Amino acid sequence: MSEAQNSLVVISRQAAREGIVLLQNRDQILPVTSDDKLALFGRCQIDTYRSGTGSGGAVNVNYAVNAVDGLRANASVAVDEELATLYHDWVAKHPFDDGGGGWASEPWFQHEMPLDDLTVQQAALRANKAVVFIGRTAGEDQDNADQPGSYRLTDLELAMLSQVTHHFEQVVVVLNTTNIMDMSWLTTLDNSNSIKAVLYSWAAGMEGGHALADILSGDFSPSGRLTDSIAYNLSDYPSSANFGHSEHNCYAEDIYVGYRYFETFKPEAVQFPFGAGLSYTEFEHHLVNFSATGIGAEKVLHFDISVRNIGVQFASKEVVQLYLQAPQGLLGRPTRALIGFVKTDTIEPGQAQQLRLSVPVASMAAYDDAGQTGHLSCYVLEAGEYHFYLGGNVRSAKAVDAIYDLEQLLVVEQLQEACAPKVAFKRMHPLAKESQPQDGRQKDSKQNYRISYQPVALRQQDPAEYIIANLPQTMVVTGDKGIKLIDVKQGRADLASFVAQMTPAELATIVRGEGMCSPKVTPGTASAFGGVSDSLFELGIPVACAADGPSGIRMDSGHKATQIPIGTLLGCTWNQPLNEALLYLVGMEMRSYQIDTLLGPGINIHRHPLNGRNFEYFSEDPLITGAMAAAQCRGLARAGVTGTLKHYAGNDQESYRQDVDAVVSERALREIHIKPFEMAVKQGNARSIMTAYNPVNGYWAASNYDLNTRILREEWGFDGIVMTDWWAKMNHAISGGVADKTYTSAMVRSQNDLYMVVEHEGAERNAMHDDTLQALQQGELTLGELQRSAMNICRFLMDTPAMQRPLVAYQAVKSIAPLSKQPEGEVFDVAHPLVLQTKRDQALSLIVDNKRRYRFSAQVSLNRNSLAQSTCSLMLNGEFLMTFSVHGTDGESVMVEGLEVELSAGFYTLDIVFVKPGLKLEKLLLN
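Going letter by letter, the sequence shown gives residues -13 to 913 in our numbering.
Since the hints were derived computationally from the structure, they do not count as laboratory data. One or more hints might be untrue.
Said to hold, decoys possible - Pairwise CB distance ranges (calculated):
| # | residue 1 | residue 2 | range |
| --- | --- | --- | --- |
| 1 | Gln14 | Pro563 | 48 to 56 Å |
| 2 | Ile296 | Gly360 | 47 to 55 Å |
| 3 | Pro458 | Thr895 | 50 to 58 Å |
Computed from a predicted model, the values in this text were never measured in an experiment. Ideal placement from N, C-alpha and C gives every residue a C-beta, glycine not left out.
When you get a sec, could you build the whole thing from the sequences and use the hints?
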């Protein structure tokens, strides 16, 4: 392991332990002491989840530390080995169920070992404390369900808890999960008083077992805090009635997502509040000074805060959280909104740290999308008193002696209508109880509101008017003038002159990425883009590489990388510098693999707990989501690479994700759902964004002009690239309507620059038969729009490592020498098709009679839908050769063309490795 990789492992372990959230620790059962022996129950002590499934979790690792081995490795922890051996033996006979290994086929839980009372009773004689592991995964293309084995505990898990709590008086529950889950059993389970401690260890990457041991042993005090609200009942989440539908979801909760809803309308529904989490010590927060600098919309409020460790034994870090209570005014506001946070250094007992939180007044504004304040399409601060609350979570935060008193309404920013809904619906709005004044002068209005609904403001502008009026100027095609991209980078030519050299065919090629597993870039990665044709390459345009993330580099070739914790855990660290340091080291690993952009971080909002992909995202709160995303972008940028923010926007469920319309108010979209993207662009200098599969208010994200041009580029000043999600659909940028993968003209018009992806060598020959050139010929797309996207792509490429690497042409043909002697066993003649009908790794011996070039091709099938992915790699004489990548064929057989290789007469060994299982390799042919 290199020094950089070792540093990444160390920081990944630190992040894992800082994101573990201790929710309950009655009688200070934790940390364990030298007098304790732990009886470990639950198979996830062995089959410990390290990530979710799908593209966001599929990292091949050299090792992964499970929970039991992490605890064994810690000298301060004693484990009941007799019980551990019992579990090891049972798991060996009941191996981990991966659902066959195919895309999105892994079940969200593993069946538990049935327990008998005697086994638990004997364990209680040997050990004084029990640790019960509950495990869940989740992932792409499938949501969680309000069922046992998903959001709820199974009967076997409930039985395990019941038996363990009957025989042990001191029980710790460890939730090794990717998402929050139902925790009502803490109040309904018999003997629940025996459950003294509960913590979320999440899915913590390859170092998760060590990180858990660091916390349980007391080597480090827990400092993670929840980034979601945990309610007693799933139905209490305000989005529950509008989640999971196939055609559209009305975001009727509007801005009242998560704790914004609960604290305003229904605090009694919350079991564990947003921001909650315990340490092994206690802290005292004190506002030392409140001041302001600047005037008007430029004013910044400064909170100088002292944090003291008032414990006597444990040093720890603390998360300081600052919440806003704004006046209700005409727009309506949540009674609490996070407006600032910071994580302290490690503070020793009796010591204090003073720190400053600076809050721009502009960040406290609300968006008026209906003109209720007389200022349509503006961020405004309504008149009244703005109060602030300081503490360790949203519920315990106390009012501080700091008031921002605004005598009259202040316009913070004048914008334009963008992404307003076309479908009428009613959105949630606070209605004061009779005793509650509306003038914003009451100091604490918590629990004083009931729900009402108001009609949402609908779209008023015609997209045709502003899209056609703002078409970019078309440059005259000059042909090759000898300008190379390096000339632009080094200031010898301008970008416009460079792009003007490109023909329409070349412009249509550069907006297509190739993949998955393109041989033009690092094996097994998600795409190649840029100079994917000979003519583009001759212009000096390099081929850049994108790899799946965000919890590490996914390479379906089988190459190994470091797996870091999931996004939710990293959010729960509340530690921006740590996230930046972690992603800097991920960036350095990317550089070592010649990868230019990581497809992450994922920054959609946790709108509902059942979203299968929540694990990739940070929080239900836009501020912490945006702050973590910006920190990670800064870290990757320091390494010279970039992240690709995803999924822009409204990709809040996995079921029907290609078609379900996010019907959302402009206010909720701006204040909640795209606010993290705005922060990452403005504070993290994000350079790449991936659009979502779904439509937003009738326009698919990949062709949504308002999202990709009006908001992203015109308002936020973004000048990077925008790419589609893989095999996304688009619809007409002006009229909307039916969506299709071939409507790339609408993609380009919206200023989504790159279609991801077409097959290998498919960009130049338009393998997908997209309509770009056809629309150009018919006048439905202008050459200037294509040139604009080409400029965006080339501008991005100039700042990537791809531009720094030697510009070496892709060598399509590889040459491999034969073995020195005939291998043992059966030998197959390459002159005949190899009939395999296999889904498992195989090793074959081949004989070649004639020296020439041979092209590998495969007949395969994958019994999944078109968004599923599966791969197998070929190794010839121990040398990596190629990867066959296929997306779902619904069980139909298809031919996948591979690469050419030059072989001499002789013998060869062929290893077939199913890196991402699922596909069936029916035949392999060498022609």
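Hints violated by the structure (numbers, ascending): 1
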